[in-house]
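Trainee: Sequence:
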Amino acid sequence: MSNEGKKVKTHYRGTLADGTQFDSSYDRGEPLEFTCCAGQMIPGFDAAVKDMALGEKKTVTIPAKDAYGEYNPQAVQTVPVSQIPNAAQLPVGQTVYFQGPMGPFPAKVVSVDAENAVFDMNHELAGKDLTFEIELVEVAE
1 MSNEGKKVKT HYRGTLADGT QFDSSYDRGE PLEFTCCAGQ MIPGFDAAVK DMALGEKKTV
61 TIPAKDAYGE YNPQAVQTVP VSQIPNAAQL PVGQTVYFQG PMGPFPAKVV SVDAENAVFD
121 MNHELAGKDL TFEIELVEVA E
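Counting along the sequence shown from 1, when you hit position 16 you're at 16 in UniProt numbering, and nothing is skipped either side.
In case anyone wonders, no lab produced these hints; they're calculated from the structure.
Take these hints with a grain of salt, some might be off.
Stated by the list, open to error - Only pairs whose alpha carbons sit at most 27 Å apart, straight line, appear in this in silico DSSO-like list of lysine-lysine:
1. Lys50 with Lys7
2. Lys9 with Lys57
3. Lys9 with Lys128
4. Lys58 with Lys7
5. Lys50 with Lys6
6. Lys65 with Lys7
7. Lys65 with Lys6
8. Lys50 with Lys9
9. Lys6 with Lys57
Because the structure is a prediction, the values reported are computed rather than measured.
Let's have the full structure, built from the sequences with the hints guiding it.
Mentor: Listed below in structure tokens is the structure:
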């Protein structure tokens, strides 16, 4: 029986290849609710939940291409500091938000020098294979 198109609730724990946890609904004490296969989740997570039975637990490893995509070097942009107000205050290593045509989007500040600021607009998990322990806790028609 497929969960495609159904509202589901899952508990999950996400880890990187080295075992580092990057997210967990268990830690928040609340399952994640979404419509299965409606594009609300990364494709590999949707695919894993699609054929799960209520109460089932499984562990899946999702390759980068089915998670947050491969790392894209073209998403690293260099901007002259003369075009950035208060460029000297940019927090290197931190995420800042730019206003785009579809709303705000994040970019990590890679470096800032006297002439340029470098921003990485890749998702922080881009290029990484992700492992999820998933538990299907609710299915609504």
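Trainee: Run the structure past the numbered hints and jot down the numbers of the failing ones, going up.
Mentor: Hints that this structure does not satisfy do not exist here, as all of them hold.
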